[in-house]
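Q: Chains as they are written, first to last, in this note's numbering: chain A, 506 to 853; chain B, 401 to 768; chain C, 105 to 366.
Simulated from the structure, these hints should not be mistaken for lab results.
Label pairs and their in silico Cβ distance ranges:
#: 1; chain 1: A; residue 1: R658; chain 2: B; residue 2: D658; range: 55 to 63 Å
#: 2; chain 1: A; residue 1: S684; chain 2: B; residue 2: L757; range: 39 to 47 Å
#: 3; chain 1: A; residue 1: W524; chain 2: B; residue 2: A526; range: 54 to 62 Å
#: 4; chain 1: B; residue 1: L757; chain 2: A; residue 2: E713; range: 29 to 37 Å
#: 5; chain 1: A; residue 1: Q570; chain 2: B; residue 2: V548; range: 32 to 40 Å
#: 6; chain 1: A; residue 1: T700; chain 2: B; residue 2: K580; range: 37 to 45 Å
#: 7; chain 1: A; residue 1: S684; chain 2: B; residue 2: A526; range: 18 to 26 Å
#: 8; chain 1: A; residue 1: P517; chain 2: C; residue 2: F213; range: 15 to 23 Å
#: 9; chain 1: B; residue 1: L757; chain 2: A; residue 2: T700; range: 26 to 34 Å
Under 10 Å between C-beta atoms, here's a sample of chain C residues computed to sit facing chain A:
#: 10; residue: N152
#: 11; residue: H155
#: 12; residue: H159
#: 13; residue: T178
#: 14; residue: E179
#: 15; residue: L180
#: 16; residue: Y186
#: 17; residue: H191
#: 18; residue: F195
#: 19; residue: T208
#: 20; residue: F213
#: 21; residue: F214
#: 22; residue: S216
#: 23; residue: P217
#: 24; residue: L254
#: 25; residue: C260
Quick list of in silico lysine-lysine cross-link-like pairs, DSS-like style, CA-CA up to 30 Å:
#: 26; chain 1: C; residue 1: K219; chain 2: A; residue 2: K757
#: 27; chain 1: A; residue 1: K522; chain 2: C; residue 2: K219
#: 28; chain 1: C; residue 1: K240; chain 2: A; residue 2: K522
#: 29; chain 1: A; residue 1: K687; chain 2: B; residue 2: K499
#: 30; chain 1: B; residue 1: K693; chain 2: B; residue 2: K682
#: 31; chain 1: A; residue 1: K757; chain 2: C; residue 2: K264
#: 32; chain 1: C; residue 1: K264; chain 2: A; residue 2: K661
#: 33; chain 1: A; residue 1: K757; chain 2: C; residue 2: K164
#: 34; chain 1: B; residue 1: K533; chain 2: A; residue 2: K687
#: 35; chain 1: A; residue 1: K553; chain 2: B; residue 2: K691
Fair warning: this is a prediction, and the values are worked out from it, not measured in the lab. Just so it is clear, CB atoms sit at the ideal spot from N, CA and C, and this is done for glycine as well.
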Amino acid sequence: MKKTDTNKILEPTVSTKRWLLFIAITFSIFFVSLFLGRMTISPETVLKILGKNLLMLPIEPDWEQSIEIAVMRIRLPRAIIASFVGAGLSMSGAAFQGMFHNPLVSPFILGVSAGASVGAALGLVMEQPLVVVQIISFCFGILAVVLTYFTARIYKTTPILMLVLAGTVVSAFFQAMLSLIKFLADTEDKLPAITFWLMGSMGSVNIEDLLFAVLPMGISMLVLFLVRWRLNVFSMGEQEARSLGLNTEVLKILIIVCTTLITATSVAFCGVIGWVGLVIPHLCRMLVGPDHKNLIPATFLMGAAYLLVIDNLCRLLSAAEVPIGILTAVIGAPIFAYLLRKTKGGWN
Amino acid sequence: MKRNSALVIVVLFLMAVVLTGCASGDNQATTRTITDMAGNKVEIPVSPQKIATMTGPSYEMVFMLGGKDRIGLVRSDHATGYPLALLTNPDLANYPTIKGVGPQTPVNVEQFLNAGVDLVLYYNNAAELEKFKMAGIPAVVINAITTVPATTEEYLEQSSANLKLLSEILGGEAVERYEKWHAYLRKNVELIAERTKDIKEEDRPVVYWGNTWGTNILSSYSRGTRNIEMELCGATLVAPEEGGQFPEINKEQLLEWDPDIIFVDNHGNAPELVIEDMYANKNWESLSAVKNKQLYRVPSGVFFMDKGSSNALLLLWLAKVIHPDLFADIDMIKELQYYYSTFYDYDLSEEEAQRILEGWVDEENLVR
Amino acid sequence: MQPIVSVSNLSFAYQNKQVLRNINLDIYEGETVCLLGPNGCGKTTLLNCIHNTLHIQEGKILICGRDVNTYSVTELARLMGYVFQEHTAPFPYTSLEVVRMGRTPHLGFFQSPSKQDTEFAYSIMEELGIAHLATKRYTNISGGERQLVLIARTLCQEPKIILFDEPTSHLDYKNQALVLHILKKLSQRGITIIMTSHFPNHVWNLGDKVAMMGYGGFVAMGNVEEVMTEENLSRTYGIDVHIYEVVKNGKIERFCTPEIGL
Chain A
506 MKKTDTNKIL
516 EPTVSTKRWL
526 LFIAITFSIF
536 FVSLFLGRMT
546 ISPETVLKIL
556 GKNLLMLPIE
566 PDWEQSIEIA
576 VMRIRLPRAI
586 IASFVGAGLS
596 MSGAAFQGMF
606 HNPLVSPFIL
616 GVSAGASVGA
626 ALGLVMEQPL
636 VVVQIISFCF
646 GILAVVLTYF
656 TARIYKTTPI
666 LMLVLAGTVV
676 SAFFQAMLSL
686 IKFLADTEDK
696 LPAITFWLMG
706 SMGSVNIEDL
716 LFAVLPMGIS
726 MLVLFLVRWR
736 LNVFSMGEQE
746 ARSLGLNTEV
756 LKILIIVCTT
766 LITATSVAFC
776 GVIGWVGLVI
786 PHLCRMLVGP
796 DHKNLIPATF
806 LMGAAYLLVI
816 DNLCRLLSAA
826 EVPIGILTAV
836 IGAPIFAYLL
846 RKTKGGWN
Chain B
401 MKRNSALVIV
411 VLFLMAVVLT
421 GCASGDNQAT
431 TRTITDMAGN
441 KVEIPVSPQK
451 IATMTGPSYE
461 MVFMLGGKDR
471 IGLVRSDHAT
481 GYPLALLTNP
491 DLANYPTIKG
501 VGPQTPVNVE
511 QFLNAGVDLV
521 LYYNNAAELE
531 KFKMAGIPAV
541 VINAITTVPA
551 TTEEYLEQSS
561 ANLKLLSEIL
571 GGEAVERYEK
581 WHAYLRKNVE
591 LIAERTKDIK
601 EEDRPVVYWG
611 NTWGTNILSS
621 YSRGTRNIEM
631 ELCGATLVAP
641 EEGGQFPEIN
651 KEQLLEWDPD
661 IIFVDNHGNA
671 PELVIEDMYA
681 NKNWESLSAV
691 KNKQLYRVPS
701 GVFFMDKGSS
711 NALLLLWLAK
721 VIHPDLFADI
731 DMIKELQYYY
741 STFYDYDLSE
751 EEAQRILEGW
761 VDEENLVR
Chain C
105 MQPIVSVSNL
115 SFAYQNKQVL
125 RNINLDIYEG
135 ETVCLLGPNG
145 CGKTTLLNCI
155 HNTLHIQEGK
165 ILICGRDVNT
175 YSVTELARLM
185 GYVFQEHTAP
195 FPYTSLEVVR
205 MGRTPHLGFF
215 QSPSKQDTEF
225 AYSIMEELGI
235 AHLATKRYTN
245 ISGGERQLVL
255 IARTLCQEPK
265 IILFDEPTSH
275 LDYKNQALVL
285 HILKKLSQRG
295 ITIIMTSHFP
305 NHVWNLGDKV
315 AMMGYGGFVA
325 MGNVEEVMTE
335 ENLSRTYGID
345 VHIYEVVKNG
355 KIERFCTPEI
365 GL
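Chain A on its own, in the form it takes in the complex:
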């Protein structure tokens, strides 16, 4: 009798079956996205194209070249980048919310999106090719976080409160820089370019550049996944975590580095996409609980699925593409308001 009791107590709170269900849902959404688009392509054709290109099956093309381009060079990379950005931003949001003991924290709190926006604006104003714009944007995103970190450093530690304050200051500074650039930019062409870029789009990543976008995000997400349990300990409070043997400085730096890589890459390639890193961790907490052991993988899956669905809306609703930053705000903010009311501001 006792043994069964402990088994029940000791079994994981989210069963393997449920995980398989989550994984299946996310993969299905990814897969279905490949069948959707402004071009009408029959499902068998899509399958055949995928089979020929991904599985190296010997299928003779009975479709037009533009259809193959649409599936392999437009829909597939777009679905991949949407999944990674959605998953990455959500995981970063969850990691930061744990690290800062605060449910209102978004992954951009240390200034990365403000910095990356300035970088992109500079690149666009200087009429650089897209690749250069992305690189400058990425570098400025990193720069902003580095500034925040060293502004917050006292002696050998970076207290959480200082990080938040420094992040606010650095963000404000870069926002001001951005406004200045926008003000000085040629209003007929550069300014709309900057505005549109900032509103976000999953469509600007070429398949050749996909690896540069996906690799840093993938590695960082893996690291966050590996230290997810440590986030539980950390979330009890820094002094407590130290007393339990957790090197809080090392963990903080690691989390900051990983989240910054993820967010800087996503902003550099896809613009500023808000509300994902804030909302998805909350939704996941409602589904799987606050234990980061479950939360982190859950945000990965749900974040990917969420952004895939939204991006599908962006590219399907009309001939003109809806900037994704707009949709995530329009959909995300009401969801967040609802969540706040439901949880009454707490963590449950």
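Since chain A is already given, all that's left is putting chains B and C on it; use the hints.
A: Relative to chain A, chains B and C alone:
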């Protein structure tokens, strides 16, 4: 003694009365009221001498109407951004310029006051218009039409509206020049319509008009005026129905439309770079327009040729590109030369005309 | 025999306020040491210095013969545990999850706790009689129960030394007794205990050594028998304290009460 001082006072008093009488008498003849393109009633000087041309096409239009000596302030890019602007008007290099003016940007009205501007041609931005009003500078909104013309008549009317208003504002020879230009436009439209009116749907090439940011061809105009122009030239335009001034489409949408011809606008940075990239980029390999080398850069002149008065000239070029066989008899070099000598008072050489058609980029004079 | 904790010439100041002055203290393995004193005398500060949370200006602290600064965070956590005053966590973890966090110093950086770790944590909870709280949310249990959960968590670290900061302060009468009982059991197991307390009476049954602190330094320090005198207590707390001895069931019980005068 007392009588003398009394006399002086009376004389001074009478002088004051007479002079004020003269002054107010002058005021009555110096202004009139017009209705601008946004429907505002504006009181403007009867004969403005220092006009500030702030919207994109405004300089070219005033120049074409013969008003080059009545311009008091131009945008910095009007002087340096378009190859033919300086060539056709060397004095332009000495005009006072202002930077940083745009449809959404706040202006520094002081600069206008410093330049002695007595009329501003401006965007439809209520907040900024108010500033001019408070500073006592009449502000006239031009280039602000938002309706879509459905018939050729409506198109003619809409395309001429800005110039008509400007000719009324400038008065004098501007009115004649406008009439001549309008007749020219009408002649072109009728010529093109005559040859294209019977073209069947299936023989109309599909055309996409791309605005550009960097090498991103995906920004376009929503249907708007371009629609009827393309119809007139015997083509069918593909464009998004909604999405503000410069909606972006996604890559798949362009593949789906698969236009036969793509016109690349000058609005972004470097149309030639866009075209170069599109020919090289694997994403666009399958596009008919790429395969058949039907990517065309819209020419630029005193301003972008598709804006201002020169659009009347551009129509011929568009028709030729879209239906080369139907318009083989039209010699664009000759047409360019005619237009430049008639409307810009400039003798355009053959080489210059050729360069315009190929997309003239004058690196030394251009400030991007 | 070498002391397990050795403090010599310790001085510590918060900014300009000198809190500790020239403290010397040797604690041997298995001893229970109580730190008594009024508010602000530096009891918790001393505890935090020993725990290497605060950086001392002068003096040395040796843990198992090594300077405390030479220990990594993980190494120190394997030796020393710290039970804070009970608090509310920001997240609603279950009590078992909280207890299991004590296994951190024994896990690799990228490791999550295994099934054995979870079972170990549960067995500790059973030992302390709080197994029934395992699946309850830490935020939903009472203050006393939380304190026990924190003790269980510390035990998961398998430490030799446990520091307690006022382990009974926020507890009701019954839970105070319960915690004291557990402290005694731990002591019997050979764990070195250093605790601060507001209640001199706890010392009698519990402590081997007691250090009475007055502003900046020790008023008295040594064995319980020697140091717990009316004079020392009165000097420490600044009021008259009386010690009474009572014989009950053949055992001598001592307790002290302050003089509540007019």
